[in-house]
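Each protein sequence line maps, in turn, to chains U and C. For the first sequence, this note's numbering begins at 1 and goes up steadily by one. For the second sequence, this note's numbering begins at 1 and goes up steadily by one.
Be careful, since some hints might not be right.
Quick list of the computed label-pair ranges, beta carbon to beta carbon [to be verified]:
#, chain 1, residue 1, chain 2, residue 2, range
1, C, Asp273, U, Glu286, 23 to 29 Å
2, U, His39, C, Asp184, 45 to 51 Å
3, C, Ser141, U, Pro40, 23 to 29 Å
4, U, Arg69, C, Arg67, 55 to 61 Å
5, C, Asp145, U, Thr22, 26 to 32 Å
6, C, Asp273, U, Arg24, 47 to 53 Å
7, C, Arg67, U, Ala274, 55 to 61 Å
Calculated from the model, a selection of chain U residues having no Cβ within reach of chain C, i.e. all distances over 12 Å [to be verified]:
#, residue
8, Val28
9, Asp211
10, Arg212
11, Glu302
12, Ile308
The list that follows gives simulated cross-link-like pairs (lysine to aspartate or glutamate, EDC-like), each with its CA atoms no further than 20 Å apart [unchecked claim]:
#, chain 1, residue 1, chain 2, residue 2
13, C, Lys276, U, Asp245
14, C, Lys276, U, Glu267
15, C, Lys276, C, Asp286
Hints in this document: simulated from the structure, not taken from any laboratory. Using N, Cα and C, we set each Cβ at its ideal position, and we do this for glycine too.
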Amino acid sequence: MTSPTAEASAGGDDAVAVEALTKRFGDVAALDDVTFRIHPGELFGFIGPDGAGKTTLFRILTTLLVADRGMATVLGLDVVRDLWTLRRRVGYMPGRFSLYPDLSVRENLQFFASVFGTTLEAGYDLIEPIYRQIEPFRDRRAGALSGGMKQKLALCCALIHRPRILILDEPTTGVDAVSRREFWDVLAELRAGGLTIVVSTPYMDEADRCDRIALIQNGRVLEIAAPDAVGRRYPLPLLGVRARDRYRLLQALRRYPHAHSVYPFGEELHYTDARAGADPLTLARELRAHLRAGQFPDAEVEPVRAGIEDAFMALMSGAGAGAERRS
Amino acid sequence: MIVPHDREYGHHPERARDGTRGGQSSGGRRRGDRGAGARSRGQAREADGGPAETGEPAVSARRLTRRFGDFTAVDAISFDVGRGEVFGFLGANGAGKTTAIRMLTGLLSPTSGGARVAGHDVATEAERVKRAIGYMSQRFSLYEDLTARENIRLYGGIYGLRDRHIRERTAALLERLGLERHGDALVRSLPLGWRQKLAFSVAMVHEPGIVFLDEPTSGVDPITRRQFWEMIYEAAATGTTVFVTTHYMDEAEYCDRISIMVDGRIAALGTPDELKRSFEASTVDDVFVRLARPRQLEDRPAPRPPGYEPPAGSR
């Protein structure tokens with residue numbers, strides 16, 4: 001921070017810089033002392049469940065809400081002082097469908113273009129790859145589009161004024177697995193074009209599509225890292241366990257004396273052993289022998305790499321912020 | 001819409017007794033075990049003796065069809081769901097899931113074909129179907145300005161339970177949820193995870209033989225999501241059929257059987273293992289993508305009518 005070069009890279013060059021941001025609604029801390037930086041050109045994801053504070057944060061970043069404490073700059077502009085300049089440079093796609101349902105696809109685009117003092121034609125090359133997919137329905141009312149199409153139109157509207165940064169609040173919530181993948185493909189293309197993208201999602205499996213992610217829960221950032229690194233930092237030995245009778249296996253594993261936690265994970269169970277630093281292979285052999293000697297002759301146990309959800313759950317319980325905690 | 005004297009169809013004393021006997025839980029859930037549905041049906045036959053409980057499948061759809069104008073949202077689907085089965089009903093947005101569920105829950109009448117749910121015909125006995133099932137929607141069906149206790153009482157009353165029975169159920173439900181101390185808190189003030197579990201309990205307040213869960217875990221944290229699935233297992237272990245939709249593909253793996261709807265038809269149906277084998281895929285997610293992707297965007301210019309909106313004229 002003291003050397004001039006560090007100053008330059010930490011300050012003006014960040015696409016987003018947030019320092020000790022706090023926002024309360026009544027006695028609920030929607031954001032609690034949140035600090036992070038996002039680099040230009042980064043695809044940065046906020047991963048966390050409903051009520052984590054994602055929307056509040058995005059509304060502050062897009063100048064729609066003012067924080068109680070702390071500061072935030074986007075593209076080097078202060079979100080409070082420079083709001084009018086900033087609004088012209090940010091593309092924002094709110095979580096709720098916020099287009100005009102009675103206007104057609106084309107009318108919505110023209111409207112958003114005119115609000116920003118531009119035209120559909122002027123912004124066309126940027127939105128073209130996405131717009132091409134909805135162009136056959138350009139005269140259809142936006143309200144009559146399917147979910148996936150609405151989402152693409154909303155993205156076009158957020159891009160039409162050539163923003164320097166795109167902020168997307170849960171663009172894939174409630175969207176099926178296939179459409180979600182396609183939407184992330186679109187984001188990857190935009191990122192390749194140099195756009196900074198900040199996106200939030202409750203789907204942990206989408207984290208891998210981001211350059212870096214922040215895990216967020218109850219208004220606090222639990223961790224910021226590259227998706228790979230989050231799993232690598234998992235603090236305890238993690239084993240994948242399979243047997244035919246999964247529900248009974250779950251209960252049996254929870255009774256195992258060294259169990260730290262056991263959760264279903266798709267077709268297997270993820271068992272975390274409480275013995276930090278122990279060799280996972282040894283633990284796996286030991287646990288398999290234990291299960292096979294008991295009621296699970298078909299048990300398979302092997303060390304697995306922790307994913308984002310494993311890490312998130314460990315951080316949640318580690319921070320004392322269990323699912324049952326009142327916000 | 002509610003027929004108060006029609007109590008017997010909403011509440012099954014036999015089922016309640018059987019549930020506490022734990023006949024099925026002794027065997028545990030047979031996760032990923034082929035034929036789980038068939039076995040559940042067999043067990044259910046011993047368990048149920050009520051008038052509407054004659055051992056037929058919990059859901060039985062035969063060429064169930066719904067058209068809106070010249071658009072066919074659900075196209076002659078046929079399938080059975082066994083008693084006590086956890087049945088995953090998957091499909092891309094607009095594939096026809098919501099329309100199908102609305103028909104199965106008696107909210108929308110079929111254009112042709114039909115279905116029996118909990119022993120009743122969805123077309124001719126829609127009111128009985130509604131009373132015999134539990135339903136929890138994507139977002140909650142709870143009243144946020146009422147307390148947890150009041151919500152349970154409200155729904156118990158709607159389903160025609162007697163006061164004493166409601167009191168007993170309320171105490172039991174709050175205890176099971178660990179909510180005894182928060183029974184008088186406004187639902188609005190409860191954390192999301194609790195609300196979700198309470199919504200599930202409320203959907204089960206009249207001890208229905210089958211419960212429909214429409215994206216019940218959407219947006220909740222990963223721990224709560226898993227706790228919710230344990231509630232699903234528990235319900236299934238006491239003989240309740242669970243019919244569930246989800247966009248989380250890992251949750252599809254937790255189901256006894258899953259169906260995948262594509263363009264109004266059921267494109268695949270089987271246990272997760274069967275589907276993975278027949279599609280040579282390593283996860284249900286891969287199966288889903290393979291089925292749903294090809295036609296999803298290109299060939300499908302017509303947007304789906306939002307299912308239950310009035311057709312044609314309104315737009």
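To see whether the hints hold, each was checked on the structure:
no., hint, in the structure
1, C:Asp273 x U:Glu286: 23 to 29 Å, "holds, 28 Å"
2, U:His39 x C:Asp184: 45 to 51 Å, "holds, 49 Å"
3, C:Ser141 x U:Pro40: 23 to 29 Å, "violated, 45 Å"
4, U:Arg69 x C:Arg67: 55 to 61 Å, "holds, 57 Å"
5, C:Asp145 x U:Thr22: 26 to 32 Å, "holds, 28 Å"
6, C:Asp273 x U:Arg24: 47 to 53 Å, "holds, 49 Å"
7, C:Arg67 x U:Ala274: 55 to 61 Å, "holds, 58 Å"
8, Val28, "violated, 9 Å"
9, Asp211, "holds, 22 Å"
10, Arg212, "holds, 20 Å"
11, Glu302, "holds, 15 Å"
12, Ile308, "violated, 9 Å"
13, C:Lys276 x U:Asp245, "holds, 18 Å"
14, C:Lys276 x U:Glu267, "holds, 11 Å"
15, C:Lys276 x C:Asp286, "holds, 8 Å"
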